[in-house]
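Asker: Protein chains in written order, with the numbering used here: chain Z, 1 to 148; chain B, 1001 to 1506; chain V, 2001 to 2500.
Worth flagging that the hints you see were computed from the coordinates, not collected in a lab. Watch out, some of these pointers could steer you wrong.
Stated by the list, open to error - Over the 10 Å line for every Cβ pair with chain Z, so calculated as not near, a few chain B residues:
id, residue
1, V1043
2, F1181
3, L1471
Stated by the list, open to error - Listed below are the simulated DSSO-like cross-link pairs for lysine-lysine, each with C-alpha atoms no more than 27 Å apart in a straight line:
id, chain 1, residue 1, chain 2, residue 2
4, Z, K132, B, K1366
5, Z, K31, Z, K120
6, B, K1302, V, K2165
7, B, K1376, Z, K120
8, B, K1302, Z, K132
9, Z, K36, Z, K132
10, V, K2442, V, K2359
11, V, K2370, V, K2359
12, B, K1376, V, K2165
13, V, K2456, V, K2442
14, V, K2054, V, K2490
15, V, K2490, V, K2075
16, B, K1031, B, K1105
17, B, K1112, Z, K120
18, V, K2199, V, K2490
19, V, K2075, V, K2165
20, Z, K120, B, K1105
21, B, K1460, B, K1031
Beta carbons: idealized from backbone N, C-alpha and C, even for Gly.
So you can see what is in the structure, the chains are spelled out below.
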Amino acid sequence: MEWLIQHVLEKYNFWVAMLIIIISLTAVIVKENLLKKLIGLSIFQTAMFLWYVSLGDVGRDILTTWGLKTGTPSILWEEAAEKGYIYANPLPNVLMLTGIVVSAATTAVALAIVIRIYQKYGTIEEDEIIEKEMEFEREGGELKNASS
Amino acid sequence: MLLVEHFPVLIVGLAMFCAYTMLLAGYLNRKLPFFISLAMNCVFFIMSLFVLDHVLNVGPIRYWQGGWRPPWGIEYVIDAMNAYLLVIVISIVILGLIYSRGNVKSEIEERKHPTFYTLVQLMAAGLYGITVTGDLFNMFIWLEIASLTAYALIAVAGGRALRPAYNYVIMGSVGAVLYLFGVGWIYSVTGTLNMADMRLLLPLVYDNRAVQMGFAMIVVGVMIKAYIFPLHLWQPDVYTYAPSTISSMMASVHVKVMFYMLMRMFYSVFTLDFIRHYIGLDLLTCWVAAIAILAGSIWAIKQRNLRRMLAYSSVSQMGYILLGVGLSPFSPWGLVGAVAHILNHAIGKGCLFMCAGAIRQQEGLKDIRDFEGIGKKMPYVSAAFTIAALSMIGIPPTAGFASKLFLILASLDAAQYPFVVILLLSGLLNLVYFWRVIDQIYFVRHEGTKNAGEAEGRGKPLPLSMVAPTLILAALCVIVGIIWLTDIPLPLLDRILSDLRMGVTI
Amino acid sequence: MELMTPLFAILCPAIAAALILPSRNHPNIREGWTIAASVTMFLLVLSMAPVIVKGDTIRYVLFQSMFEDIYIGFKVDAFGEIFAITASSLWVLVSIYSIGYMRTLNEHAQTRYFFSFCFAILGAVGVALSANLVTLFIFFEIITISTYPLVIHEQTPEALRAGHKYLAYLMPAGAFLLFGIMTTYYLAGTTDFAPGGIKSLANASPVIITVLFFAFLLGFMKAAWMPFHSWLPTAMIAPSPVSALLHAVAVVKAGVFGIVRIVGYVIGMDLMHELGLWLILAGIAGFTMITANLFAISQDNLKRRLAYSTISQLSYIILGAALLTKDSMQGAMLHIPFHGYMKITLFLCAGAILVATGKTRISEMAGIGKRMPVTMLAFSIGAIGMAGIPPVCGFISKLYLCLGAWAVGSPYGIIFLAVILISSLLDVVYFFPIILTAFFSKPMGEISGSGEDKVKEAPLLVVVPLTITAIFSLIFFVHPNTFYIFDLAKMAISDLFGGV
Chain Z
1 MEWLIQHVLE
11 KYNFWVAMLI
21 IIISLTAVIV
31 KENLLKKLIG
41 LSIFQTAMFL
51 WYVSLGDVGR
61 DILTTWGLKT
71 GTPSILWEEA
81 AEKGYIYANP
91 LPNVLMLTGI
101 VVSAATTAVA
111 LAIVIRIYQK
121 YGTIEEDEII
131 EKEMEFEREG
141 GELKNASS
Chain B
1001 MLLVEHFPVL
1011 IVGLAMFCAY
1021 TMLLAGYLNR
1031 KLPFFISLAM
1041 NCVFFIMSLF
1051 VLDHVLNVGP
1061 IRYWQGGWRP
1071 PWGIEYVIDA
1081 MNAYLLVIVI
1091 SIVILGLIYS
1101 RGNVKSEIEE
1111 RKHPTFYTLV
1121 QLMAAGLYGI
1131 TVTGDLFNMF
1141 IWLEIASLTA
1151 YALIAVAGGR
1161 ALRPAYNYVI
1171 MGSVGAVLYL
1181 FGVGWIYSVT
1191 GTLNMADMRL
1201 LLPLVYDNRA
1211 VQMGFAMIVV
1221 GVMIKAYIFP
1231 LHLWQPDVYT
1241 YAPSTISSMM
1251 ASVHVKVMFY
1261 MLMRMFYSVF
1271 TLDFIRHYIG
1281 LDLLTCWVAA
1291 IAILAGSIWA
1301 IKQRNLRRML
1311 AYSSVSQMGY
1321 ILLGVGLSPF
1331 SPWGLVGAVA
1341 HILNHAIGKG
1351 CLFMCAGAIR
1361 QQEGLKDIRD
1371 FEGIGKKMPY
1381 VSAAFTIAAL
1391 SMIGIPPTAG
1401 FASKLFLILA
1411 SLDAAQYPFV
1421 VILLLSGLLN
1431 LVYFWRVIDQ
1441 IYFVRHEGTK
1451 NAGEAEGRGK
1461 PLPLSMVAPT
1471 LILAALCVIV
1481 GIIWLTDIPL
1491 PLLDRILSDL
1501 RMGVTI
Chain V
2001 MELMTPLFAI
2011 LCPAIAAALI
2021 LPSRNHPNIR
2031 EGWTIAASVT
2041 MFLLVLSMAP
2051 VIVKGDTIRY
2061 VLFQSMFEDI
2071 YIGFKVDAFG
2081 EIFAITASSL
2091 WVLVSIYSIG
2101 YMRTLNEHAQ
2111 TRYFFSFCFA
2121 ILGAVGVALS
2131 ANLVTLFIFF
2141 EIITISTYPL
2151 VIHEQTPEAL
2161 RAGHKYLAYL
2171 MPAGAFLLFG
2181 IMTTYYLAGT
2191 TDFAPGGIKS
2201 LANASPVIIT
2211 VLFFAFLLGF
2221 MKAAWMPFHS
2231 WLPTAMIAPS
2241 PVSALLHAVA
2251 VVKAGVFGIV
2261 RIVGYVIGMD
2271 LMHELGLWLI
2281 LAGIAGFTMI
2291 TANLFAISQD
2301 NLKRRLAYST
2311 ISQLSYIILG
2321 AALLTKDSMQ
2331 GAMLHIPFHG
2341 YMKITLFLCA
2351 GAILVATGKT
2361 RISEMAGIGK
2371 RMPVTMLAFS
2381 IGAIGMAGIP
2391 PVCGFISKLY
2401 LCLGAWAVGS
2411 PYGIIFLAVI
2421 LISSLLDVVY
2431 FFPIILTAFF
2441 SKPMGEISGS
2451 GEDKVKEAPL
2461 LVVVPLTITA
2471 IFSLIFFVHP
2481 NTFYIFDLAK
2491 MAISDLFGGV
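Here chain Z stands alone, though its shape is the one from the complex (with noise of 0.2 Å):
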């Protein structure tokens, strides 16, 4: 039992970051309205960065109640460099700061898209979409624009 809390504190970003990317995946797969896929897809993106950078925390020393680590900031101060500290590792920081760019264009594509689609269709959710692209094949007409 010891070892099981122990395992599961040890390890809490792992479960934490796990949890809300299922619930974040299950919102994309599941919503039909185009808007809450969209913050599905873009909270499954901020697990995955916050997973990443909890990874970087690899420090000792600090805090050794409950086997909790944490490392410091990884800034040089002058006591931790006497005593010894160990740094976080920037390294997941960093690369998480690109990532987050990157989901946060991925965003505005995605926003322009349904900008688009609204104006196109009147309506964001998926299922009257698709009723409606069915209604205009059936009558064999074109979208207002369509190039297909």
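Since the structure of chain Z is provided, determine the placement of chains B and V on it from the hints.
Answerer: Below, chains B and V without anything else, positioned relative to chain Z:
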């Protein structure tokens, strides 16, 4: 360092830089971006030829960005596989650009042309980046650049392309993030992001479940991007409704580069050793590929829209490449078949999508059943379509026949006989749906008219800039096919096999 | 010896095809390319014969591939030369005939016709000259694809259905053939044709060899062996010159040529005999022979009757190969050119009748002999030869076949001898009535158009080729060594059986 060793970075850097330049130049003159893009890509093509020459004669190029040593710095590694792929990607991008000149005029509004070309250039830059990089996270960045621009380029078509574009955004982003997730797992175990370093460190931890989890995440992520069955669901709609240039470029190079990512993971990062012994994925990959081949072809047979048919056909062809990769632990000919099919499918499918776009532009026809008489109205495009279709079916001496030959030989060499039957059967299935189109184009006629296609063609005739790339690609289908039957590619293939550490030369 | 002649011979139709496309608006120039190419090709092919008759072979390697011992190249031996001479000489005559036929009927899409014809002949002669199975496969598939536009020339829905049936049979056959070739390479390490069979194949297990044999047999469905024959009568919807050259000479002979190559030069006669495969092949051939002849009797459409006759005659060749004796093999090899000339005569006559009178059914052809004596005389010569009656060349090949059947020795030989004789009798049964009705019956009712004097011979360009082929059928009887055919056959036999 030699000048040629700087070329990979120059290609990627200049590609990005020129994309932004194009955007600015577009404010001055709407026509300028196209020419800048075309000129720069031609320069890149020449540079990539020098790179290929250097890699084949001297050895792999390792470029340390900023001079920082790996594994702390980002490294660009060009070995024979990269160099080969880079040449293919750049050349198809050039042909796609030439084709797009006539095509975007009819499909996309004038004021969007500068941004369109900027995005195409950025997508190309992203693809070049994926091809040349040797760092896992760097690959994610380039992957996202290529993907985001692709999402936007598909949505440019408007209308029915919007919902597929949105689907692609969601699914593609999930795929990319899964890839990043997987990289995170193996990073957490090894602490490095450099591919070569990872290759050295991983064997010590092959049985670590984190590593296996990472592998699984990476493979699934890349499978979504490379539309390998069964994660291909976003693809048919996207290829059907995207602008013709984009369909053509994506089907020929975008997906190949994604597949190249998979190959890098399989061969250079997680070696085949891992896949055979720790995961046991080798035979399963072959069977997934076989199902992809058959399912894609069967779906294609049911289609009436030409581009949707070609889209499902692409799913099937990705199965060929995956089959080659799957057979490679058993026989080096499998990898040869996969590498050959990367080129053969790029030129074949690129040509087919270009022809489909041309037919839609001149005649406004999308449904195969309406294609009567096109052979007379559009002789060159029809001829190109026929030759490329024969290549897809696998009629000698075209290119597709060579890949089939290699894969059948690989299956026999590997003693996996069911795949021989599947490959031959898929050739016949391809025949069924491609021949229908060829029939409609040339041979079917309305009752009552003796000569097919006596009616006038509807739109204006196509500009040379659209017809020339199709003819070039069709000619390449035959020429490359004959080259594969000679021993000219042998040095290249030997190098690729040894660079991917297959350990066996053919 | 190494010569580039085979390559030049193959290039002739390729260059002609490339020149035909731009000349599509100048019919005389366009046809000129075909005639020039066919004559040149025939002379080139013929020029190789004197060398081969002396026992040498002409080799030329085009491309060496990445695989050990797979190369694309030509090796012209005696047997290949026989088929090459047949195909190239008949192309000259059928080209002249095609010009007359197409122009008289004012057919559409003539450019496509002549373009595809070039590739079909390229394929046929390529098959004849190829050095190994891989090269043969390449040219084989070229034949299949290039003959499709010819089969569906009329472009009616019926013609398209016929074309689809054609492909539905022959493309899977190609798949089987590729399977056989790859398996052969995998088992034996080579696909080169070796007289007497590929030696290293003998090490494989009998089951595998039997599977291989059946794969090849299915691969050569072009030989129209039953029950996979029905594409051939359906393909008779094509214009007569197409039926004549392709479905009497090039396509089906390529199939039968392939089967003989397999029996003699890949699996080898020893292995065929050891595993009893010869009996299976001979049984299939015998069955096809008799059954096709029986079907022929009931056909009223002249070309369909000729199609079933072709199916039957092809099985003579297969049977000759299956019986594995010197004489039967020689008969088979001789039957390729002899039957080619005779059958072409018959088909060209059928086409001439169509051009002159518009008739396709035998029941309508009463009394035609009076109006078209030259045509029907040629037809009679062809028909007599089919039955194996002197003085037409068919007698010689059938004689060798019978001698070969007798030489088998075991009771099977007698059975197959009986099959050959019965089949020849049946030939008489369905050919002679045509001749009799044509010459000796009164025409039934009014012929379309006023007055019986309206119907006369077809135009010169149509009639002259068929008389030439008929005359050659007679010449071959008197002097079988025309175009070196007989010597080539003897040389091929000595290749296979090691010394005459």
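Asker: Does the alpha-carbon distance linking K1031/B and K1105/B stay inside the 27 Å limit?
Answerer: holds, 11 Å
Asker: Can you confirm whether the C-alpha distance between K132/Z and K1366/B stays at or below 27 Å?
Answerer: Holds - the C-alpha atoms of K1366/B and K132/Z are around 21 Å apart, at most 27 Å.
Asker: Quickly compare the C-alpha distance for K31/Z and K120/Z to 27 Å and report which way the hint goes.
Answerer: Roughly 21 Å separates the two Cα atoms, so the pair holds.
Asker: Can you confirm whether the C-alpha distance between K2456/V and K2442/V stays at or below 27 Å?
Answerer: holds, 16 Å
Asker: When you check the alpha-carbon spacing of K2442/V and K2359/V, does it fall within 27 Å?
Answerer: With a Cα-Cα distance of about 16 Å, the restraint between K2442/V and K2359/V holds, given a limit of 27 Å.
Asker: With the threshold set at 27 Å, check whether the alpha-carbon distance from K36/Z to K132/Z stays at or below it.
Answerer: holds, 20 Å
Asker: Compute the least Cβ-Cβ separation between V1043/B and chain Z, then decide whether it is above 10 Å.
Answerer: holds, 28 Å
Asker: Taken at face value, is the distance from the CA of K132/Z to the CA of K1302/B at most 27 Å?
Answerer: At roughly 23 Å apart (the allowed maximum being 27 Å), K132/Z and K1302/B satisfy the hint.
Asker: Taking the closest pair, is the beta carbon of L1471/B still more than 10 Å from chain Z?
Answerer: L1471/B clear of chain Z: closest Cβ-Cβ about 25 Å, beyond 10 Å.
Asker: Evaluate the condition: distance from the CB of F1181/B to the nearest CB of chain Z exceeds 10 Å.
Answerer: Given a closest Cβ separation of 6 Å, the condition is violated.
Asker: Straight-line Cα separation of K2075/V and K2165/V no greater than 27 Å?
Answerer: violated, 33 Å
Asker: Can the restraint linking K1460/B and K1031/B be considered satisfied, given a maximum Cα separation of 27 Å?
Answerer: At roughly 21 Å apart (the allowed maximum being 27 Å), K1031/B and K1460/B satisfy the hint.
Of the numbered hints listed earlier, those contradicted by the structure are 2, 7 and 19.
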